Amino acid sequence: MKLDNRKKQRLNIIAVVGFILLVSWAQITWNPFFTRLANVCAIYVIAAVSINLINGYSGQFSLGHAGFMAIGAYASALLYMSPELKEVNYFITPIIWPLSVIQIPFFPAWIIGGLVAALAGFIIGIPCLRVRGDYLAIVTYGFSEIIRFLICNFQSITNGPLGFKGVPQYTNLWWSWGFALFTVIFIKRLIDSSYGRALRAISGDEVSAEAMGINLFKHKMLAFVLGAFFAGIAGALLPSLLMAIDPYYFQIILTYQFIAIIIMGGLGNITGSVIVGSAFAISLELLRVLETPHVLFTLSIPGIPGMRMLVISILILAVILFRHRGLFGQEISWEWLFSLFSRFSQKLRFRHK
Amino acid sequence: MSLLKIDHITKQFGGLTAVSDFYLELEKGELVGLIGPNGAGKTTIFNMINGTYPPTKGKIYFDNKDITQNKPDKIAALGVSRTFQNIRLYPESSVVDNVKVGYHLRVKSSFWGAVFHFPNYVKEENYISQDADSLLSAIGLLKKKGELAGGLPYGDQRRLEICRALATRPKLLLLDEPAAGMNPRETVELMSFIQKIRRQFDLTILLIEHDMKVIMGICERILVLDYGKTIAEGTPGKIQHNPKVIEAYLGTEVSYA
Ligand SMILES: Nc1ncnc2c1ncn2[C@@H]1O[C@H](COP(=O)(O)OP(=O)(O)OP(=O)(O)O)[C@@H](O)[C@H]1O
Ligand SMILES: [Mg+2]
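Residue numbers (my numbering), protein chains in the order written: chain A, 97 to 449; chain P, 3 to 259.
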């Protein structure tokens, strides 16, 4: 089924309005547990879609997402926390001037968090993206761990392992899902454009992409820096959702989670990243029962730390074995929805005869 | 002045000399064949022209510019495009998207324009869609534009590669065994297609091919390579009867009706 652009545009507007209404309804009526979970889902969606741009569409292998998120989280929090709050938090080692007095509104602080992460991506990219091979994976892994090390050790800037507590809660469903929607639309439009075709060409065959006039370095850098920016935004939303942050949140396992999501959802499949990203965040919360001790009929089961990741690893293996292209073969689009609908109604008519 | 001047290039891989002291000048509009037995160094010459790797010795000039040390993307932008002996399409992309990749080097809009659909980008994208369709219809693949490139039959994949190369609007087109894997009927179609695009796009073509019918049928001039050295050069008629060529390459005398 072919839809013309004007009709599609109208459908898009209706969908966005519906989305805003849904988010508003959730924000107003849901209890704190559910809203928190829905916020975490949005953050996972942003992180998964953005790592999919780097690892899925342009065929590179970055392990830097946790590091970029840490940068976004700390850079933004340092900018929007009030001087008084900073003084309370930094009770062991005082915070250095001028960070001690700076305070800007949270929205520009979040954006700056994303930009600082993008800058870090740019600097890492300069040496790594010029050469072929797996250097990027090794360097981004190292980067991610070094960022955590730096956060732990530069106490007069980051407050070290103590992190921040009592961070004001600016993140709500409007912001988090607003950013998620923006990320999805931005990256979807990018990959549907000539630049996206160039990125897919690079991941398909670097040699012929370059022979067709595509500057490999420039385009890999584009995907990498944009991915880092959105990761920084995802990170920036975190402290002001959880109201606290510390360096342990950004261990490399966080990156592995996002990689697991894009493998299960399909490399280069945005629909998959969104759905599996949300499902992943929810199941992390639900599977928490596996790690807490409880009693099942008279049988007492001890909580085993790490059980959640074990279950998730098994799920990944199953997906790789049985559906190595990911769970979602098909991107959701209006055409797809309409053809599904018409097939469905045809079946119904058939039955009535 | 010639369009392409290859000034005595040599390529060594470790101890192996793949191409030795190779010289060639291509005038604008020529269609020249490059033949020789397996491993003679033909593909290596293409790889040096398009910048995949630089020659060990010697220089390459295109349009009077020294391109010896340039990267492939830069050389493509100057107007050199190619196909590959071992087909290098983007198998997971659609047929039409493969062709559209060829237009990217001339896209002027930034990625901001592409993401936010600035009017200039929309204009460029519309042009790309229309032009890609007309290229595909010229080569007879328009009906398959939505299919995945990796699923096409061999002959179609070869033609799609030519189509993608044409999308970059080259002045010089390098074709590496375009008839390989094609059946006789497809080969005849290919020959007329090459001559058609040559006229239509004002192309200069350098052609590697093992199928003598193609080489003898459409080339004005032929170079014969053996162990990295040019052993003969001339018109198809002359090459066929050159004893050195017969010995090195054809083995026994072959006649062409
Ligand atoms: N990247 C490379 N590294 C090392 N050796 C190479 C490389 N490319 C080509 N060679 C060697 O150089 C020689 C010439 O190879 P080339 O591919 O140019 O031959 P060809 O004339 O195209 O042969 P064919 O007709 O089989 O395609 C061969 O001996 C090959 O093994
Ligand atoms: Mg070859």
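Hints in this document: simulated from the structure, not taken from any laboratory.
Nothing here was measured: the structure is a model prediction, and the numbers come from that model.
For glycine and all other residues, C-beta sits at the position ideal for the given N, C-alpha and C.
Careful: at least some of the hints might be erroneous.
[As the list claims (entries may be wrong)] If we take Cβ atoms under 8 Å as the criterion, some of the chain A residues that face chain P in the derived model are: (1) 102; (2) 106; (3) 127; (4) 233; (5) 300; (6) 303; (7) 304; (8) 310.
Hints versus structure:
no., hint, result
1, 102, "violated (14 Å)"
2, 106, "violated (16 Å)"
3, 127, "violated (37 Å)"
4, 233, "violated (22 Å)"
5, 300, "holds (3 Å)"
6, 303, "holds (6 Å)"
7, 304, "holds (4 Å)"
8, 310, "holds (6 Å)"
Going through the hint list in order, the structure does not satisfy hints 1, 2, 3 and 4.
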